[in-house]
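**Student:** Now for the letters of each chain:
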Amino acid sequence: MNNKAKNNVVELVTEYLFTICAVIAIFAVCSITVYMILKGTPAFHSVGVLDLLFGTTWKPTAAEPEFGIFFIILTSIFGTTISVLVGVPIGLLTAVFLTEVANKKIANVVQPMVELLAAIPSVIYGLLGLMLLNPLMYQLEKKIYADSTTHQFTGGSNMISAVIVLIIMILPTVVNISASSIKAVSKDLRAASLALGASKIQTIFHVTIPAAKSGIMTGVVLGIGRALGEAMAINMVAGGSVNLPLPFNSVRFLTTQLVSEMGYAQGVHREVLFAVGLVLYIFIMLVNLVLQKMRKEASIDG
Amino acid sequence: MDSQVGISLKTKRKRPMDMFLYGLIYLCAAFCVFLLAVIIIYVFAKGFRQVNWSFLTSVTSVLQGTIGIAGNIVNTVMIIVITMLIATPVGVGAAIYLNEYAKPGKLVNLIEFATETLSGIPSIIFGLFGMMFFGQTLGLGYSIFTGSLTLILMVLPLITRNTQEALKTVPESYRQGAFGLGAGKWYTIRTVLLPSSMPGIVTGMILAIGRIVGESAALLFTAGSAKTLPNTLSQLFPKVFQSGGSLTVQLYLAATSEGDFDTAFGIAVVLLILVFIINFGTKRLASKLEVTRID
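Top to bottom, those sequences are chains A and B.
FYI, in our numbering the residues of the first sequence are 1 to 302.
FYI, in our numbering the residues of the second sequence are 1 to 295.
Keep in mind that the hints were calculated from the coordinates and are not lab data.
Wrong hints could be hidden among the right ones.
[Stated by the list, open to error] Chain B side only, calculated, beta carbon under 7 Å to chain A, not exhaustive: (1) Leu110; (2) Phe221; (3) Ala255.
[Said to hold, decoys possible] Cut-off 16 Å, straight-line C-alpha distance, at most; resulting in silico cross-link-like pairs (EDC-like, lysine to aspartate or glutamate): (4) A:Lys296 <-> B:Glu116; (5) A:Lys183 <-> A:Glu100; (6) A:Lys293 <-> B:Glu258; (7) B:Lys185 <-> A:Glu15; (8) A:Lys293 <-> B:Glu116; (9) B:Lys103 <-> A:Glu261; (10) A:Lys59 <-> A:Glu261; (11) B:Lys185 <-> A:Glu11; (12) B:Lys46 <-> B:Asp295; (13) B:Lys283 <-> A:Glu115; (14) B:Lys185 <-> B:Glu165.
The structure presented is a predicted model; accordingly, all values stated were derived computationally and were not measured.
Heads up, the beta-carbon is just placed ideally off N, CA and C, and yes, glycines get one too.
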């Protein structure tokens, strides 16, 4: 074989190899989707769609087992909503501090600290929640329910603990995305607003933040995704019973349900857990689609 | 409004709302700083005494009366090595395809959509899929290899996107120069593009390692929780196909089912030091070599 022909073969082979590498991502997403659907749907047949999704009793190991995951779905939706509602304002104001209020020196110290928060493994958040938040919540619980005869004491492993951990865990995401989108707002806009006599705060809240809205929204959606998918940390602080997501109830999220029961579940119980996984996957996919749509629109606009 | 006419231009009008919002802004920033401080101080106060040479080099054993995490350290290192050995070439290859070969069209859109989607899937879903596909369908069971294969899917987008970003910054003239001198595409990639985008690739790799070190949910049902240490080097290879709990998984088990909080905090200290070094490393690297880092 002469040199040129050999080179052509090499070129062809490398191009194919690189193409295969790139296609693996498509292959991965397809197989994850197919597997989630294949494994997640049998439970809907064996338990019944309505009994499964809207049933409120979870007794997987009883003689006559019941597999209602309605409270689990509710807990995930509530927990995510509340943690985003509280976490986003805190994160946004921190981003404002970093980009508009603090001088460079301080911002250069605080920004890396926020990045470090993002790098801390979730089991450490869980461990700290377990050691610091739960005892605190237990004290509160004892005070509030001192005279109650119906309340089931949880030792502080409750919905509030889980939501607080979630708020802390979505903070870095919201701060980083908001900060970079506020930084991207053109200086002219701010200058025009200040020149018209608006104060700095008025400029921030009436000009800069509205101008950075699309980027901030991306951060919010990323935060929603993160809160929905977080498993280990909240599993350590949320308690272990399937309950209505009330503040002082021990609760199960979609994710924590998987973490805590996947290890030993058998038969229909196992099928139902895969169904829980499928529900979670559908939620996550919806969030992903919204996110990608927003990113596409942002790249067209800007 | 009349009352303001007499006020000099030099006196600033007091705006209570502004003061209130400034207060809130400072409060929120202080909260973030306070959080990090509490986490670091508490973890180190509780766990620092625990971390010593024997903690790092022995395995917890009731018979010998030792408490240690050497097994988990070895498992974590093995998972990192295997994952990166496969994920790096694949991720870099994908980026090269997207940047150097592909023409804009349906396939590229699909690949980018898939990469974005992969990076948005939470680790518990990867864990579930890894357990079903690699563990059961491929019959690998609970093993370090199953865990690594699962994590490859998770870190792939990270490596691909950081490499892509690095390739984008290589000037077009480099390529034209190489082609003009008669170099083939593969030769150009090997000798010009890859070396000049090396900092971006390394940044992506370190970020991926950081992700692996902190990962727990994707490993619990794939790599399992064994904490034994291979006795001889020849046992190291078979260990790939046996169960092995990472540091994070051991922390989780110690804090929940085992109720061994000393070990949990000891591991937490080790993990914190590791992720801080990794975070600091990528930051230094990124600023020194002027690469954009994509988390």
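**Student:** All the hints need checking, so say for each whether the structure fits it.
**Tutor:** Going through the hints against the structure:
For Leu110 of chain B, the shortest C-beta to C-beta distance to chain A is roughly 6 Å, which falls under 7 Å, so the interface hint holds. Interface hint at Phe221 of chain B: satisfied, since its Cβ lies 6 Å from the closest Cβ of chain A, which is below the 7 Å cut-off. Proximity of Ala255 of chain B to chain A holds as hinted, the smallest CB-CB distance being about 5 Å (cut-off 7 Å). Taking the CA atoms of Lys296 of chain A and Glu116 of chain B, the gap is near 12 Å; set against the 16 Å cutoff, the hint holds.
For the suggested pair Lys183 of chain A and Glu100 of chain A, the alpha carbons sit about 9 Å apart, so the restraint of at most 16 Å is met. With a CA separation close to 45 Å, the supplied pair Lys293 of chain A and Glu258 of chain B exceeds the 16 Å bound. Note on Lys185 of chain B and Glu15 of chain A: the hinted pairing holds, with a Cα-Cα distance of about 9 Å set against a maximum of 16 Å. At most 16 Å may separate the alpha-carbon atoms for a hinted pair to count; Lys293 of chain A and Glu116 of chain B meet this at roughly 11 Å.
A threshold of 16 Å between alpha carbons decides the hint, and for Lys103 of chain B with Glu261 of chain A the separation of about 47 Å lies outside it, so the pair is violated. Restraint check: the Cα-Cα separation between Lys59 of chain A and Glu261 of chain A comes to about 12 Å, which is no more than 16 Å; the hinted pair holds. A threshold of 16 Å between alpha carbons decides the hint, and for Lys185 of chain B with Glu11 of chain A the separation of about 7 Å falls inside it, so the pair holds. Restraint check for Lys46 of chain B and Asp295 of chain B: the C-alpha separation of about 30 Å exceeds 16 Å, so the hint is violated.
With a C-alpha separation of about 10 Å, the suggested pair Lys283 of chain B and Glu115 of chain A falls inside the 16 Å cut-off, and the hint holds. Taking the CA atoms of Lys185 of chain B and Glu165 of chain B, the gap is about 19 Å. The hint is violated against a cut of 16 Å.
Violated hints, listed in ascending order, are 6, 9, 12 and 14; each of the other numbered hints is respected by the structure.
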